[in-house]
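Asks: Residues per chain, in single letters:
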Amino acid sequence: MPDLVEVALVFSRLGLLTFGGGLTVLAEMERVVVREHHWVSDTAFWQSFALGQITPGPGIFMIIPLGARIGGPVVALVATIAFLLPPTVIGLTAVTLWHRVRELAWPRAIARALAPVALGLIAAGFVSIARVALTDVVSVVGLAVAVVLLQRLNAVTVVALAGIVGVLATIVR
Amino acid sequence: MEATDATSSGVQPLALARQFLVIGLISFGGQRQAYLYDAFVRRLRWMTDDDYLEGLALSQALPGPNFMNVAAYCGTRLGGVGSGLLGAVLVAVPGAIFISLLTAFFVRFIADPHVAGALHGVTIGAAALLAVTLYRLARRGLRLPLDVVVAVAALALSVVGVPLVVILVVLGGANLWRHRPRRA
Numbered sequence: 001m002p003d004l005v006e007v008a009l010v011f012s013r014l015g016l017l018t019f020g021g022g023l024t025v026l027a028e029m030e031r032v033v034v035r036e037h038h039w040v041s042d043t044a045f046w047q048s049f050a051l052g053q054i055t056p057g058p059g060i061f062m063i064i065p066l067g068a069r070i071g072g073p074v075v076a077l078v079a080t081i082a083f084l085l086p087p088t089v090i091g092l093t094a095v096t097l098w099h100r101v102r103e104l105a106w107p108r109a110i111a112r113a114l115a116p117v118a119l120g121l122i123a124a125g126f127v128s129i130a131r132v133a134l135t136d137v138v139s140v141v142g143l144a145v146a147v148v149l150l151q152r153l154n155a156v157t158v159v160a161l162a163g164i165v166g167v168l169a170t171i172v173r
Numbered sequence: 174m175e176a177t178d179a180t181s182s183g184v185q186p187l188a189l190a191r192q193f194l195v196i197g198l199i200s201f202g203g204q205r206q207a208y209l210y211d212a213f214v215r216r217l218r219w220m221t222d223d224d225y226l227e228g229l230a231l232s233q234a235l236p237g238p239n240f241m242n243v244a245a246y247c248g249t250r251l252g253g254v255g256s257g258l259l260g261a262v263l264v265a266v267p268g269a270i271f272i273s274l275l276t277a278f279f280v281r282f283i284a285d286p287h288v289a290g291a292l293h294g295v296t297i298g299a300a301a302l303l304a305v306t307l308y309r310l311a312r313r314g315l316r317l318p319l320d321v322v323v324a325v326a327a328l329a330l331s332v333v334g335v336p337l338v339v340i341l342v343v344l345g346g347a348n349l350w351r352h353r354p355r356r357a
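Protein chains in written order, with our numbering: chain A, 1 to 173; chain B, 174 to 357.
If we strip away everything but chain A, and leave its shape as in the complex, we get:
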């Protein structure tokens, strides 16, 4: 099990770098957790992300399965709290102070400036998950089918269906 203080430092840094939604930090989280610290494999990392997509609430709770794979429930708890606490404190402070300032020009400018950066970062996350998910021709076909189904069905249904198909595939083989 890795040092809990190190886990807390790594995840609180990631939490503070999350601008424009949780998806923007995925590529960085993979870089640090998988390639820098070698705490889990890239496959385990993206499996954790996928589990966060079939449960309600913030998708960033992928940190719970990720932390569990890194070192068990205690690591999961420490990583989750470390990730969420600093931004929550900053957010609440900012919102409370907000009622005195009410100057929207800068937050709007920051949101506009970050939007294309966020898009590029999410794309980097996609490149990374595609490397893990697309192992053969069947998986590429599966991804294409899932993209089509997502135009009709809601996200949880499609991701859960993909899981069921994954089980069936292991039975057929």
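The hints are simulated quantities; they were obtained by calculation from the structure and are not laboratory data. Computed from a predicted model, the values in this text were never measured in an experiment. Do not take every clue at face value.
Stated by the list, open to error - One side of the interface only, derived from the structure: several residues of chain B facing chain A at Cβ under 7 angstroms:
| no. | residue |
| --- | --- |
| 1 | Q185 |
| 2 | T221 |
| 3 | L226 |
| 4 | A230 |
| 5 | A234 |
| 6 | V280 |
| 7 | A299 |
| 8 | A304 |
For glycine and all other residues, C-beta sits at the position ideal for the given N, C-alpha and C.
Starting from the known structure of chain A, fit chain B onto it as the hints suggest.
Replies: Here is chain B on its own, set in the frame of chain A:
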């Protein structure tokens, strides 16, 4: 004065807490902050469109998951800072319990080939979801050629392993200079 301004909505704290908890239970899929919009602006009319968009812009300019930031904003706006904290916690708790149970199951049976198959399947599904989210965001967000340049630069830097903090400071900073508010 600020406190009364923030809590003058007249919304009962218990009713507010119940809304947050229900949203925490049902908020599946991407763009989860939209559930807050649907409840507080569209259905209950506790907030105006402008109130909400103000909170969204503020949340996007601050670090942290958008969904919890917007929940904190709505809570603070409708019931003061205590309700803000409660909102951020309540939208998160059901999902945290849910995914913890799922984790316990998967970690226990991780060696089973069927479970491995299920995990590979959901990973493909999640990749598809990410692709669709990306397409929608790109269609809405990439209107100017320079935005495309910034997005591609962020992608390239991230793929070659440049630390996020560098990308945010350099690209975000340069782009903020472009979009900086100018006094009229």
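Asks: Each hint should be assessed against the structure and marked as holding or not.
Replies: Status of each hint after checking the structure:
1. Q185: violated (20 angstroms)
2. T221: Hint on T221 of chain B: violated, closest Cβ of chain A at ~14 angstroms, above 7 angstroms.
3. L226: Result: violated, 9 angstroms to nearest chain A Cβ.
4. A230: Constraint on A230 of chain B satisfied, holds at 5 angstroms.
5. A234: Interface hint status for A234 of chain B: holds (4 angstroms vs cutoff 7 angstroms).
6. V280: holds (5 angstroms)
7. A299: With Cβ-Cβ at 4 angstroms, under 7 angstroms, it holds.
8. A304: holds (6 angstroms)
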